[in-house]
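Chain by chain, the residues run as shown.
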Amino acid sequence: MTTKRDIVLQVEDLQTTFFTRAGEFKAVGGISFYVREGETFGLVGESACGKTVTGLSLLRLLPEPAGRIVGGKITLDGIDILKLSKKQMREVRGKRISMILQDPMTSLNPVYTVGDQIGESVRLHQGLRDDMVEDEVISALRLLRIPAPEQRLRDYPFQLSGGMRQRVVGSIAMSCRPRLLIADEPTTALDATIQAQYIALFKDIQKQTDVAIIFITHDFGVVANICDRVAVMYAGKIVETASTSTIFKRSKHPYTSALIRSVPRLDRKDDQLYSIEGQPPSLLNLPPGCRFAPRCPDVMDICLKEQPPVVEISEGHSVSCWKEKK
Amino acid sequence: MADILLEGRELTKYYPVTKGLLQRVIGYVRAVDGISFTIEHGKTLSLVGESGAGKTTAAKAVLLLERLTSGTILFEGKDVYKFSKSQLKTQYRPRVQSVQQNPWSSMNPRMRVRDIIAEPLVVNTKKTKEEIRSRVLELLDQVGLSPDQADYYPHEFSGGQRQRIAVARALALNPSLVVLDEPVSALDVSIRAQIMNLLKDLQEQYNLSYLVIAHNLATVRFMSHSVAIMYLGQIVEYGEAEALFLKPLHPYTRALISASILTLPEDEDQNVQKIILSGEMPSPLNPPPGCRFHTRCSEAIDICSKVPPEVRTIGTQQVKCHLYDDPGVQSASSK
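Quick note, the sequences are listed as chains A and B, same order.
Quick note on numbering: our numbering labels position 233 of the first sequence as 233, and the sequence is numbered without any gaps.
Quick note on numbering: our numbering labels position 234 of the second sequence as 234, and the sequence is numbered without any gaps.
Think of the hints as simulated: they come from the structure by calculation, not from any bench.
A portion of the hints provided could be inaccurate.
[Said to hold, decoys possible] Which stretches of chain A does chain B cover? Using the computed rule of at least three CB atoms under 8 Å from a CB of chain B, they are: (1) 74-84; (2) 125-136; (3) 185-197; (4) 221-230; (5) 304-318.
[What the hints assert, rightly or not] Reference excerpt, derived from the structure (chain A facing chain B, CB under 10 Å, subset only): (6) Ala-48; (7) Phe-248; (8) Pro-280; (9) Arg-295.
Virtual Cβ for every residue (Gly too), placed ideally from N, Cα, C.
Based on the provided sequences and hints, a complete structural model is requested.
Below you can see the structure in the form of structure tokens.
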């Protein structure tokens with residue numbers, strides 16, 4: 001905690017747009033953040049706020065040709081990812097950056113054994129002989145604490161429970177010891193007690209391997225349990241970035257505060273939940289000013305006209321709101 | 001006890017598992033295994049548990065979409081299984097309605113909202129077109145939608161609005177009980193709060209009873225008057241919601257609460273250590289002997305793996321756990 005760790009990933013003004021018949025769909029509208037070694041960085045927001053598209057942009061896995069990164073810079077360990085050729089990018093995916101998706105039933109191939117699927121990534125990236133691949137697969141299964149890995153690697157996904165399947169997905173992601181892991185809602189499909197297991201497991205793996213994790217979620221409970229720092233997204237923009245405890249205790253952006261207040265809490269009894277009126281704006285037709293202005297309780301004239309700049313109000317805590325600019 | 005609307009007694013549902021050409025029965029999945037509960041007028045009972053706990057099967061049984069293996073359901077004191085077909089159609093089904101989890105699949109995409117909400121009225125009542133029309137507009141207003149949205153199709157609405165339409169449809173016949181199967185889990189956080197507030201307001205306004213099926217404990221605490229925690233087809237703890245959340249008795253309830261409570265990293269040392277259960281829920285095809293939770297329980301003692309625990313009443317709570325067999329042990333274990 002005393003010395004700052006190396007920055008693994010730096011994202012500057014990333015803009016991703018989908019070009020559709022209905023018009024330009026600005027899914028990610030210029031966001032910047034960084035992730036350090038051994039750190040878990042949360043991207044939090046509601047559906048369609050651009051958090052998954054951000055994850056896919058980092059891997060350059062957008063559905064082309066509709067989806068394109070139209071601006072910005074992504075640097076992984078000093079390498080500009082957007083300048084890599086397609087072939088070079090394949091070397092990065094799965095080896096230096098890997099991803100865990102939400103639903104393990106759809107992200108695993110039902111007709112291959114677990115061992116084959118973990119082995120695929122090991123074989124591709126490490127060029128190992130077949131007999132050595134199996135050892136690597138077993139060690140990847142061990143890392144995720146899957147019991148009896150020698151037997152499990154011959155199982156098909158349908159023979160495993162949801163929690164075990166998600167561990168297999170984790171094994172594939174961690175098999176080449178990546179520098180950065182993007183976890184897109186990895187616990188959403190899991191039950192509460194299994195979710196707690198999975199999060200504890202990932203904290204442990206991070207300690208062992210120093211992997212940087214980007215944790216994409218909509219669940220503030222999960223954020224509190226695993227993330228060191230958090231960025232809150234709204235309609236394609238990051239509205240606030242801060243350490244997890246700052247976000248919960250001293251958040252400055254009206255959207256962050258409203259979102260936290262609207263989550264029912266287990267440790268107190270609420271009679272009425274705070275709710276944010278209205279809906280997020282359409283990304284096809286964004287308001288000219290602050291994107292949250294139409295729903296904001298503290299809205300001012302300037303909010304409707306101009307986009308608020310990102311202001312750093314204390315170390316590591318930045319907010320994009322006109323209220324803080326004054 | 002006059003205000004009990006619905007009572008489930010020893011509800012049991014076994015699904016046969018067959019094998020081979022002759023479809024020989026090789027075993028039974030004990031989805032629901034002897035659960036009892038009561039729902040009072042104007043109150044909410046929540047069935048909470050992880051997937052495979054049997055909560056949806058229990059809800060289906062109440063909706064009579066699934067015939068029980070054994071057990072009785074009493075609606076206003078009358079045995080529902082003794083109702084004739086016409087009695088069911090006039091006295092039970094219109095009064096027990098449901099809202100499903102996923103508002104994207106619970107509505108016919110080819111019907112206009114007006115017709116979706118009107119359907120229960122068309123099927124169950126002899127109202128004229130004009131009466132139905134005005135009732136639909138009234139319902140739209142009650143759930144916070146505007147009358148000019150009546151001619152839209154479901155795809156033109158957001159998830160939260162669709163769930164409002166589903167609520168309007170469930171309320172069309174003025175039911176006494178609404179079964180809410182994970183009513184907000186498919187919705188976004190900021191929208192969830194809107195729908196939960198709406199459901200609570202409607203409950204007060206119309207003295208509705210709710211049977212909520214949920215896995216999110218925080219949602220449950222906000223909505224419920226009483227709570228039943230289910231594990232592998234059985235209710236392990238049952239009681240008044242506030243008491244249960246303030247002083248959970250069963251080790252499984254404690255683990256569930258610990259898993260869902262919000263703790264910030266720096267609070268972790270001061271607060272109670274998170275309880276993380278090992279292993280997963282065993283198969284309901286072959287539940288473990290004794291207490292069904294003993295394979296994952298950190299407080300299991302010898303007797304737990306041998307003898308199924310009896311239901312004990314402690315305060316307003318009922319708990320199925322050997323730790324409470326002897327009053328002396330109780331104070332030691334629940335610090």
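Here's how the hints hold up against the structure:
1. With 0 residues carrying a beta carbon less than 8 Å from a beta carbon of chain B, the region 74-84 of chain A misses the three-residue requirement, and the given coverage is violated.
2. Judged by the Cβ-Cβ criterion of 8 Å, the region 125-136 of chain A is not covered by chain B as claimed, because only 0 of its residues qualify and three are needed.
3. Coverage of the region 185-197 of chain A by chain B holds. Counting CB-CB distances below 8 Å, 7 residues qualify, and the rule asks for three or more.
4. A stretch counts as covered by a chain when three or more of its residues have a beta carbon under 8 Å from one of that chain; for the region 221-230 of chain A and chain B the count is 4, and the coverage holds.
5. Requiring three or more residues with a Cβ within less than 8 Å of a Cβ of chain B, the coverage given for the region 304-318 of chain A is violated, as only 0 such residues are present.
6. Below 10 Å, beta-carbon pairs count as interface contacts, and Ala-48/A has one with chain B at about 9 Å; its hint therefore holds.
7. For Phe-248/A, the interface hint holds, since its Cβ comes within 10 Å of a Cβ in chain B; the closest pair sits about 6 Å apart.
8. A least Cβ separation of about 9 Å between Pro-280/A and chain B falls short of the 10 Å threshold, and the interface hint therefore holds.
9. Because the beta carbon of Arg-295/A sits about 9 Å from the nearest beta carbon in chain B, less than 10 Å, this interface hint is met.
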